[in-house]
Amino acid sequence: MEERVLSMICVSCPVGCDLRVRVQGKKVLDVEGHSCPRGIDFAEAEVANPTRVFATTVRVSGGKLPVCPVRSRQAVPKERLFDISKEVARLVVPAPVDIGQVILPDVCGTGVDIVATRDLKAKEESA
Amino acid sequence: MADMQVDVAIIGAGPAGVAAGIGAREAGAEDVLVLERDWDLGGILQQCIHPGFGLHAFKEELTGPEYMHRWIERAHKAGVAFLTNSMVFKMESDGSLWVMNPEKGVFHVTAKATVLAMGCRERPLGAINVPGSRPSGIFTAGTAQRFVNMEGYMPGHRTVILGSGDIGLIMARRLVWEGARVEGVFELMPWAGGLRRNIAQCLNDYGIPFYLSQTVIQVHGRDRLEGVTVAGVDEKRRPVAGTERYIACDCLLLAVGLIPENELSRMAGVDIHAATGGPVLNEFYQTSRPSIFAAGNVVIVYDLADWVSQEGVAAGRNAALYAAGILEKPVRRIEVRGGRNVRLFSPQNIVGSGDVTVYFRVLRPIEKRCRIFAEPGLFERRQRYVRPGEMNEIHLKGAALQALPETVTTITLDAEEV
Amino acid sequence: MTDKTFDIVIVGAGIVGATLARELSAYSLRVAVIDKASDIPSGASRANSAMIHAGYDDQPGTIKADFCPIGNRLYHELAAPLDFTLKECGSYVCGFDDDDRIHLEKLLEQGRANRVPGLEIISGETLRRREPYASGDITHALRAPTGAVINNFEAVLAFIDNAQQNGVELFLETELKDLLLSADGAEVVGVATNRGRLFAPVVVNAAGVYSDLVARMAGDDSFFIRPTRGEYYIMDKRIGSLVNSFFFACPTPKGKGITVAPTAENNLLIGPTSIVQPGRDDTSTTADGLAEVIDGARRLIPSIPLNMAITAFSGLRANPDTKDFIVNVLERPLGFVNAAGIKSPGFTSAPAIACHLVELMKDRLAKRISFIPDPTFIPERKHTPRFEMLSLEEKRRLAEADPRYAQIVCRCEMVTEGQIVEAITRGARTVAAVKIWTRAGAGRCQGGFCGPRVVDILARELGVSCEEITRHGGHSRYLVGKTKDYWFRGEN
Chain A
1 MEERVLSMIC
11 VSCPVGCDLR
21 VRVQGKKVLD
31 VEGHSCPRGI
41 DFAEAEVANP
51 TRVFATTVRV
61 SGGKLPVCPV
71 RSRQAVPKER
81 LFDISKEVAR
91 LVVPAPVDIG
101 QVILPDVCGT
111 GVDIVATRDL
121 KAKEESA
Chain B
1 MADMQVDVAI
11 IGAGPAGVAA
21 GIGAREAGAE
31 DVLVLERDWD
41 LGGILQQCIH
51 PGFGLHAFKE
61 ELTGPEYMHR
71 WIERAHKAGV
81 AFLTNSMVFK
91 MESDGSLWVM
101 NPEKGVFHVT
111 AKATVLAMGC
121 RERPLGAINV
131 PGSRPSGIFT
141 AGTAQRFVNM
151 EGYMPGHRTV
161 ILGSGDIGLI
171 MARRLVWEGA
181 RVEGVFELMP
191 WAGGLRRNIA
201 QCLNDYGIPF
211 YLSQTVIQVH
221 GRDRLEGVTV
231 AGVDEKRRPV
241 AGTERYIACD
251 CLLLAVGLIP
261 ENELSRMAGV
271 DIHAATGGPV
281 LNEFYQTSRP
291 SIFAAGNVVI
301 VYDLADWVSQ
311 EGVAAGRNAA
321 LYAAGILEKP
331 VRRIEVRGGR
341 NVRLFSPQNI
351 VGSGDVTVYF
361 RVLRPIEKRC
371 RIFAEPGLFE
381 RRQRYVRPGE
391 MNEIHLKGAA
401 LQALPETVTT
411 ITLDAEEV
Chain C
1 MTDKTFDIVI
11 VGAGIVGATL
21 ARELSAYSLR
31 VAVIDKASDI
41 PSGASRANSA
51 MIHAGYDDQP
61 GTIKADFCPI
71 GNRLYHELAA
81 PLDFTLKECG
91 SYVCGFDDDD
101 RIHLEKLLEQ
111 GRANRVPGLE
121 IISGETLRRR
131 EPYASGDITH
141 ALRAPTGAVI
151 NNFEAVLAFI
161 DNAQQNGVEL
171 FLETELKDLL
181 LSADGAEVVG
191 VATNRGRLFA
201 PVVVNAAGVY
211 SDLVARMAGD
221 DSFFIRPTRG
231 EYYIMDKRIG
241 SLVNSFFFAC
251 PTPKGKGITV
261 APTAENNLLI
271 GPTSIVQPGR
281 DDTSTTADGL
291 AEVIDGARRL
301 IPSIPLNMAI
311 TAFSGLRANP
321 DTKDFIVNVL
331 ERPLGFVNAA
341 GIKSPGFTSA
351 PAIACHLVEL
361 MKDRLAKRIS
371 FIPDPTFIPE
381 RKHTPRFEML
391 SLEEKRRLAE
401 ADPRYAQIVC
411 RCEMVTEGQI
421 VEAITRGART
431 VAAVKIWTRA
441 GAGRCQGGFC
451 GPRVVDILAR
461 ELGVSCEEIT
471 RHGGHSRYLV
481 GKTKDYWFRG
491 EN
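Protein chains in written order, with the numbering used here: chain A, 1 to 127; chain B, 1 to 418; chain C, 1 to 492.
To be clear, the hints were calculated from the coordinates, so they are not data collected in a lab. Where a beta carbon is used, it is the ideal one built from N, C-alpha and C, also for glycine. Mixed in with the good hints, there may be bad ones.
Restraint-style ranges between C-beta atoms, simulated for each label pair [said to hold, decoys possible]:
id : chain 1 : residue 1 : chain 2 : residue 2 : range
1  : B       : Arg266    : C       : Leu213    : 46 to 52 Å
2  : B       : Arg369    : A       : Val5      : 20 to 26 Å
3  : A       : Glu3      : B       : Tyr211    : 29 to 35 Å
4  : C       : Asp97     : B       : Arg266    : 37 to 43 Å
5  : A       : Arg90     : B       : Tyr211    : 32 to 38 Å
6  : C       : Phe488    : B       : Arg266    : 46 to 52 Å
Derived DSS-like pairs (lysine-lysine); straight-line CA-CA distance at most 27 Å [what the hints assert, rightly or not]:
id : chain 1 : residue 1 : chain 2 : residue 2
7  : B       : Lys90     : B       : Lys112
8  : B       : Lys236    : B       : Lys368
9  : A       : Lys86     : C       : Lys482
10 : B       : Lys77     : A       : Lys64
11 : C       : Lys323    : C       : Lys106
12 : A       : Lys27     : A       : Lys64
13 : C       : Lys237    : B       : Lys90
14 : C       : Lys482    : A       : Lys121
15 : C       : Lys106    : A       : Lys78
16 : B       : Lys59     : B       : Lys77
17 : A       : Lys64     : B       : Lys104
18 : A       : Lys64     : A       : Lys123
19 : C       : Lys482    : A       : Lys64
20 : C       : Lys482    : A       : Lys123
Covered by chain C, according to a simulated footprint, are these stretches of chain B (three or more residues, beta-carbon under 8 Å) [as the list claims (entries may be wrong)]:
id : segment
21 : 101-110
22 : 153-167
Excised from the complex, chain A in its bound form:
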């Protein structure tokens, strides 16, 4: 299989290293430009199966706010992000919501849970 060199920016941390990744098919042969081992992990994942942590909001009924922020507990396949977004958009969660509460287990069959990222009290309670 032909060798190719891919350019990418590592998103593992705020440094954002410029990576040059030599690949053959989905196999990473060599990574340059990283400043820590996470750069290699990132490059390998990016070539084989890119994933991202997804964060959005979910509708809440009777809450102090109409929506509550949520995230995928782990990274999910990048190609599924829009499916997940639509799936979460269908939900309505009753208040109160606790941080870490599972809002949607195994979202879109990814094996990853969608969890709340804040406490959200019911409307009449005081903050």
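Once you've looked at the hints, dock chains B and C against the given chain A.
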């Protein structure tokens, strides 16, 4: 309500203020009160629901609300008192505060030391001089972020983003994730304003075009925004004739810079630095009014909340020491200056005997081997690059500072190619 | 709206319509004011220099020269009872050479003929002792102590509000479609609007930049309006103290009329340009115009920093080809009254025009309407509290009486929820109207902080969804939908 007396009063319960509360309690202050104008704690990080916080503070990547949740828990455990829905509307030069709260009315808070932690605000359209009409559909990126993430409303169907500050980049992805279109991000400067990883994971991932050295030169639409005219700019950032093009859009988000919010600081007569827009500080986070301290984006706009929290803890600690009368007395005064490639830095004065970290931002990027340094001969570090979007740290040893001859009253920071 | 009957319909709720409505409300008359905008003032009364001119600028013998000094006096008298902000700052016309000196002498003469009090010409040195940031190139200046600045939003609201308290009905988003005439065309019988008909024997044309088109409906083609754009910057309050007075420059061949002034709230206002344009509702700003404003302003006050601009805007002046105000009662159709072409010093002159028009109507239209003084007329009103301006003790009292006055919504201008709710109760329906009433969103962050909160309060108080709230009426909705519905829009 009855007036209050505390050891340390802190204005703002965002990352800086909550951390300052913890720092103050840990340094022994008895009564530590944080005043927050919102109904909930957390400041702007409440609406920063994306991951990207906490790698330094907690060694894991958290969303803004999760990051603040941990700090707020710590603050509660440390015995920090909070008052929400409490707006400080006036600050006296002694650091005492006039506050109002719907349940408690108007009251006065006197403190032995006060910490400014009001954060920053976004530059609006008027501040950047874009001509045209004034229809609806123009928001600062942070305002749109609040609408989307806290109120549950969409600001537009087709969005153009002016400026490549991080909030703008984050909002580009956020709108795409909610099913809307982003027509492009336009940056006046020849380099990005935000972090590179946000260019990658917020724009490149979704094929959102990113244009450098281009800007919006006209806004169109009487009622609702109908489109913008963009154009390339020359080295002096003036639009280049013939490069204009029209982009249909119903939403324009502005991510064109953040300004420290210092109305109260000014009221109290605190000296404000012309370049940072924040209080002039010494390394104890102490302003020109000795009982008033400051930390976080009210001082200088940081690129990571983790730094803001770290600075908050330190400022709170020093405020507590001052309140107890045991903050180190000034030994000498050394003025910090920025060199040719320095845009902003803090602190501006060094007065004590200990180690000091000075933060600074460069004016222009250097995308090759370079060094950041402090003269005369106090610090040097080699780096692979420096970028305006990322804060640099200069570490100065107390001993080295003390060893400087009396005739040396300034030190100079800079970054240059090697 | 079903058809209604009035004695007088005023077309246009700018300062001319507002002052006239208030003047008429002292009589037992049924008065309607219609305006096509969603919030008032719109048009030239919204976007102008907010200057109450002293009155030396106009040639003796013109209508302007008569009205301007009287209007000036009336604003000073009415500021307290009608509770609008007027700042006695005085004005300077600045000269840069001997030719300008001659011009200043002429203005001085005119002013004296127009009975403007207190005028004097001072040297550049004297000026700079009083105004340290004034340009060193200024050689002489004409001082007019009675020049003042006003909060023009508040003034229009004050007159309309007081008129409404005294029974005048205001119809917003109500656009004149046609003038209703008797079968023979000799008399006015009312107006047709987008929201139905209003019958009245007297119709007043106070339609500003549209006033020539309204006059055409009555067959009056004696004048036409050349909409004249004026662009401005508003600068941060932090540099509001660069000037203490209103600064004009003597006109030059290159440019004229760029002024530098404090506003009633201590911002700095610079502008306007003066560009005749075809469009009657295009209030865009332009790069060239804004550059001209900066250049012109720096000629007077060289140290004005551009980075202190908080917003730019433009207004369209109703500039008549006749050069003078058109204030008359037509013979045919009888009942049609013009208060048209009221360009600068129109805002200043408006209260005087209103008094004059009432006398004119009494004289000429007595057969159509009777002017019987209304014994229940209340000549005063209160604006919503201006929280920022109150003393600590007043703030405390207000906050304790109503907790909504202890909830700050706009941090830049220190506007409380209580003020916003009161503005909505008194008629504000849009984000722009809330700003006009309270200044929420008028500060240095331009609504970045308070925008979402104002939208929330409007929706709550009006009992509608946030999506229905507009910036300034029409199609200017603030938001385009709810996030979670957004993926499924178009689906049932």
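For each hint, the structure was consulted:
Between B/Arg266 and C/Leu213, the C-beta spacing of about 49 Å keeps the proposed range 46 to 52 Å intact. Restraint check, B/Arg369 to A/Val5: a C-beta distance of roughly 22 Å satisfies the suggested window 20 to 26 Å. Taking 29 to 35 Å as the suggested C-beta distance range, the pair A/Glu3 and B/Tyr211 conforms, at roughly 32 Å. Evaluation of the 37 to 43 Å hint for C/Asp97 and B/Arg266 yields a pass: the beta carbon distance comes to about 40 Å.
One distance hint, 32 to 38 Å for the beta-carbon pair A/Arg90 and B/Tyr211, holds here, with the actual separation near 36 Å. Here the CB-CB span from C/Phe488 to B/Arg266 is close to 48 Å, well matched to the stated 46 to 52 Å. A hinted pair counts as satisfied when its Cα atoms are at most 27 Å apart, and B/Lys90 with B/Lys112 qualifies at roughly 17 Å. Proposed proximity of B/Lys236 and B/Lys368 is supported: the alpha carbons are some 24 Å apart, at most 27 Å.
Between A/Lys86 and C/Lys482, the direct Cα distance comes to roughly 14 Å. Compliance with the 27 Å bound is thereby established for this hinted pair. Distance hint between B/Lys77 and A/Lys64 is fulfilled; the C-alpha atoms sit about 25 Å from each other, no more than 27 Å. A distance of roughly 19 Å separates the Cα atoms of C/Lys323 and C/Lys106; the hinted pair therefore holds under the 27 Å criterion. At roughly 49 Å between alpha-carbon atoms, A/Lys27 and A/Lys64 are farther apart than 27 Å, so this suggested pair is violated.
A threshold of 27 Å between alpha carbons decides the hint, and for C/Lys237 with B/Lys90 the separation of about 16 Å falls inside it, so the pair holds. Distance hint between C/Lys482 and A/Lys121 is fulfilled; the C-alpha atoms sit about 21 Å from each other, no more than 27 Å. Of the supplied pair hints, the one linking C/Lys106 and A/Lys78 is violated, its CA atoms being roughly 76 Å apart against a limit of 27 Å. Distance restraint check for B/Lys59 and B/Lys77: the Cα-Cα separation of roughly 21 Å lies within the 27 Å cut-off, and the hinted pair is therefore satisfied.
Proposed proximity of A/Lys64 and B/Lys104 is supported: the alpha carbons are some 21 Å apart, at most 27 Å. Taken as a hint, the A/Lys64 and A/Lys123 pair is honoured in the structure, with Cα atoms around 4 Å apart against an allowance of 27 Å. About 17 Å separates the Cα atoms of C/Lys482 and A/Lys64, which keeps this hinted pair within 27 Å; it holds. A threshold of 27 Å between alpha carbons decides the hint, and for C/Lys482 with A/Lys123 the separation of about 19 Å falls inside it, so the pair holds.
Residue count for the segment 101-110 of chain B with a Cβ under 8 Å from a Cβ of chain C: 6. That meets the three needed, and the coverage hint holds. Residues of the segment 153-167 of chain B lying with their CB closer than 8 Å to a CB of chain C number 5, which satisfies the three-residue condition for coverage.
Going down the numbered hints, you'll see the structure goes against 12 and 15, while the others check out.
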